[in-house]
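With chain A held as given, fit chains B and C onto it using these hints.
For the record, the sequence lines run as chains A, B and C. This note's numbering puts the first sequence at residues 1 to 331. This note's numbering puts the second sequence at residues 1001 to 1270. This note's numbering puts the third sequence at residues 2001 to 2414.
None of these hints come from the bench; they were simulated from the model. All C-beta atoms, glycine included, are put in the ideal place defined by N, C-alpha and C. Be aware that one or more of the hints could be misleading.
To be clear about the criterion: a stretch of chain A counts as covered by chain B if any three or more of its residues have a C-beta under 8 Å from a C-beta of chain B, and this derived list gives those stretches [to be verified]:
#1 7-20
#2 274-280
#3 308-321
Within a straight-line C-alpha distance of at most 27 Å, the following computed DSSO-like cross-link-like pairs (lysine-lysine) qualify [as the list claims (entries may be wrong)]:
#4 B:Lys1086 <-> B:Lys1129
#5 B:Lys1127 <-> C:Lys2089
#6 C:Lys2315 <-> B:Lys1079
#7 A:Lys284 <-> B:Lys1143
One-sided excerpt, in silico: chain B residues whose CB lies under 7 Å from chain C [stated by the list, open to error]:
#8 Leu1061
#9 Arg1085
#10 Ala1100
#11 Ser1101
#12 Asn1103
#13 Phe1105
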Amino acid sequence: METYMLEVQDLRTKYVTRFRENVYAVDGVSLKIKEGKSIGIAGESGCGKSTLALSLMGYYFPPLHYISGDIIIDGKNISKLKPDTIRKRILGKEIAYIPQAAMNALNPTQKIIRFIEDVIHAHHPDATKKDIYDIACERFEILGLPRSVLEKHAVELSGGMKQRTVIAISTILSPKVLIADEPSSALDVTSQKMVIKMLRELMEKEYIKVMIFITHELPLLYNVTDDILVMYAGQIVESGTAKQMVFDPLHPYSKGLMGSIIVPEEGVRDHQLTAIPGTPPSLKNPPKGCRFAPRCPYAAPVCSSMEVPDIELPNGRHYRCLMSERKIREV
Amino acid sequence: MSELGASCLSGRGVTKVFGIGKTVTVAVDHVDFDFREGQIISIVGESGSGKTTFSKMLLGLISMTEGEISFQGKPRVLKTCAQKRKYWKDIQAIFQDPFASYNSFRKVDSVLLDCINMRDGKALPQKKKEEMMTEACSFVNLKYEELTNKYPFELSGGQMQRLMIARIFLLKPKILLADEPTSMVDACSRATILDMLLKLRSEVNMTIIFITHDIGLAYYVSDQVYIMEHGKFVERGNAENVILHPQAEYTKRLISDVPKIYGNWDLTTV
Amino acid sequence: MNTIRQVFRSAKFVTGFVIFIAIILLTILFPLFITYDPLDVVGNGNFYPPGTYISQKDTIKANPYELRIALKQSNVGDSLKTDELDKIKEWLTQYGGMGKSEVQDADAESLIVMWTDKYNPSKRFRGMLASEQKYYKRLNQKLTELLTDKDIIIAEQDENNELKEKSKVKSSDFVNLKEISNKRTLVLGTDNFGRDVLRELVSATTTSLRIGLIAGVVATAIGLTLGLLAGYLGGFIDDLILFITNLFTVIPSFVLLILISYSVGQKQRGVGLVALIIGITSWTWTTRAVRSQVISLRNRDHVNLSKLSGHSSFKIIMTDILPYIASYVVMAFILQVSSGILSEAQLSMLGLGPATTSTATLGLMMNWAMLYSAHLNGSWWAYFPVLFMIAMISFSLNLMNTGLDQVFNPQLRD
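Looking at chain A on its own, in the form it has when it is part of the complex (with noise of 0.2 Å):
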C-alpha cells in the first residue's frame, strides 16, 4: 500500500449565492500526490479551480460550504474539523495558501519581520525574537531574498519582491502542503520567474512535501510541475504528467485547451490554435452525463445521459470519456 502525503476522496463543496441558489464549484474530485510531487490545476475561469484550492485548506466560511468528501493530510484527516482548529493547528503549519493577490495583504504600516514574528508566535508562543530573526534569515538567504528585507515594509518592496515575501512568510514553518492559486499571474514575466524559481526551490529543499499550483497558463504549469490535472465543471476530467498532457491529451476538452498554448518559440506560427466553441455550463445545475458533452465535436448520443466513469489507464493517467484510449487517439 502506497502511502500519499495528500490524499482527497471525493471532495464536494458549494456556493451559496445571495439569492439563495448552490453552485456546485467543486463536485467529486479525488487526488492523491506522493511526498515531493507537484500537481497542477488547468482549467478556464468558473470551473472551479480556485474554490478547489480554497476546499483543500478545509478552512470553509460562508458563501462556500462543505458537502461530503475527505481531505487526508499525512494520514490526517481534516474535513471534519471545527474552523477554530483549522485556523490555529492547520493553516500555516500544515497547509499554505497563497492567492494571487497576496502580496496585497501584507499590512503597510509593519516590518516584514513583524510578520513571521506573527506566524511563529501563532504556533510556537515561547519562541524569541532573536530565535525568529535567525530562522528568517536562515530561509531569506536559502530563498534567495535579501536580508534587508526582513527590516523594510511592504510599500518599500515591488509587486514580485512582495509576493516572493509572501510566500516566504507563509512557508516560514514548513508545511506539508502548499497550494498556490495564481501566484505569478498579476506580475510581469521576470517576477514571474523569480516567483516560479522560488517555488522550485521550496520543493527541492523540502520545506513543502507538496506543491499543488493552479494557473489557466498551460506552458507555465508545464514547467512548473510534476503532474497537471484538468478541470471543467467543477470535476477533473484529465490528470496526467505534464509531458503526456501537453503533448498526449486524452480527453477532447484537454486536446482543445493544449491546442490553444501559445509560445514564442520557433515554428508555432504554423499551428493551428484549436477553439472550443461555446461556453462552460452553469454550476447550477450542472448537465447530466458528461459535462462537456454540449461542446464536445465527437459526442455520442450516449454523453449527455450516461454519468462518465474514471478511466485509469496501466501509466497512471486517469481521464473521465466514455471513448477507448485507441478510439480518442483515431479521431
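The following block gives chains B and C in isolation, referenced to the frame of chain A:
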C-alpha cells in the same frame, strides 16, 4: 501583400507627458513608427511601458504632447468633432476588457445599430438593418436573434469580445487597433477570437495593430513586431527576426522569461 | 427592475422607507379628516397642556347621573397642595400629638382623617404665632368646604336683579362624556398662540418636506450639471467650475445663508425663497462627488467606444455616464433633502427662516416655542414633538441612503 505596402499610419517624435511640474511622467517618449497597409503589427510591452497610452494617441482619444502622426501619408488633424468622426470611420478599436467595453444600461444590439448609423445607414429600412446585423453576428458565430433584447451581463466574456469583432465587421475600417483583445478571455476563447480577427482581415483587408504583453501571441499573429520599454521602441522588425533572434537586451530578457514548452526554460538566469 | 427588487430587500432601506412613507401619509391623510385651519387659534392663552377639553357649561346642561363613587377624601386629597399637606403634617406632630413616623408616610386621605379627628379650631396652643393660627383656621375652613356634600346651586339673575335658582349640581352628579357636544382633544396641547400643536405639526411637516424637496432638487440639479460638465469636459471648464465650487465650499454656507436670508429682506422671505436659498448654497458637495465619479468614468472603455462610434458629447453624457452615476445621484439627492430640512430648521431657529405667520414650518415651530420659553416652563409638548419629527425625517432619509449605499456598493454589505 508581403512586400511593404503604402504607409498607412506613421508618426514622428510622438510623445505624451502626464502631470505638470516635478511630478512628470513621460508615458511615451519621442517614438517614430511607420505602419504599412495590410500588415499585422504587434506592439509588445509590459504593463507600464506606455503601450496603452500610445494606442490611445493613435486612436485620437487623447492628445499628443509633442510630435505628429500621419494617416495615409497626410498629416492627421483632429481639431473639430467632424474631423474626429471622419477619422474614426477609418480607425477602430477593440479594447482589452469586454466587460468594461459595454454600456451596461443599453442592450447589446444597440452597439451594432450604432455602427450601421455611423456608416451612413441611418435611413435604411429596419429590415435591411436587421439583415446587416444578422450577417455580422453570423460572421462571429453568434445568433442575432439570441442577442436582441439582451443586456451585456447576460453574455460571457468571449461572446462580448466576438460581438466587438462583429462591430468591426460592420464598420470595415482601414485600421483596427486591438488593445489586448484576448487577455481577459479564456485560452479557448482566445483561439476563437484570434481566428476571427485573422478571418476578418482576409475579408476586409485592413491593417491590424495588435497591442499585447504576450510575446508568444505577438509572434503567432504578427508580421511586424515593435518592442516597447519605458515609452520607447527598443526593437522593431520582422516578427521571425525579432522573436527568434532578438538583438536588444530587453527583448532577450523578455523572451527568456516566458515559459517554454519545446525548448528548455532556463530558471537560472534570474 | 432587478436593482429595485434588491433595494427593497435591504432591511435598512425598507425601514427608512416605511417611516418616511408613514410621515408622508400622515401629512396627506391627516388634513383630510381634521379639516380646520392648522393655524386656527383655539386657546386664549399660552401652552395649554395636552388633554381633552370639555365645555364646563355643557357639563351643567348635560343629563346628570348619580353614581356612588366614594370621592370625598380622594378628591380632597387631590386638591390640596404639597405645602398644605406639609403644614398638616407639621401641626399633627407638634400639636396633635401624633408620632413622627405615623405622619411621615401617611397619604393625603389618612392625613385628612387624622386632621378632622384632632383639630379643634377653638383650641389655642401656646407658642403658636397668630398668623399660623389664622393659617390653620383657613386650612380647616377649606377642608370642611371640600368635605361637605352641599350641592352647588346655579342661579340666574332675573329682571328685578334677584337671584333665581336655575339648576343644582349635586356632589354625586356625573356626566357621560359622550353627551357633551363641545369637546376637543388636544393631543399635544396648544402652543404659545393657543394653536393646536398636532395640527400645526402636521402642516409644518408638509411645508418642511416641501422645502427639503425644493432645496434638494435645486442643489442636485446645479450640482449634477456642474459636476457632469466639469468631469467630462475637463480642461478650462473644469478649472472654472472647480474654482467656483471651492469658493462656495470655503465660504461657510451657513454664513452665506444668513447673509442672503437677511439681505432679501423680511417681507420677501417666503417658504419658496428660503428653500431656494438653501438649495443654491448646498450644491458644492454634489458637484465634487459627481465630478470625481465622472472623471473615473470618462476613461472607461465603453465611453471610448461610444466616442469611436461617433456619438456627440451630449449623447455620451446622457447615455454612457449619467446612468452609471444615477444611483449615486439619487443618494446625494436624498441626503440633500434631509440636510435641506435641517438647514431650514437651523435658519428658522435663528429667526432667519420664512418670515410668515400664515404657514408653519418645523423650524418656525421650534423658534416660536423658544421665543416663548416653552423649554423653561416645562411645556414639552410645544417643542419635543417637533424635534422628534425632524429626527424621524432625517433618520428615515439617512437610513434609506445607507440601505441604497449597501445595495449599490456591495463592498459595504455586511
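Hint check, failures only: Going through the list in order, the structure violates hints 1, 3, 5 and respects the others.
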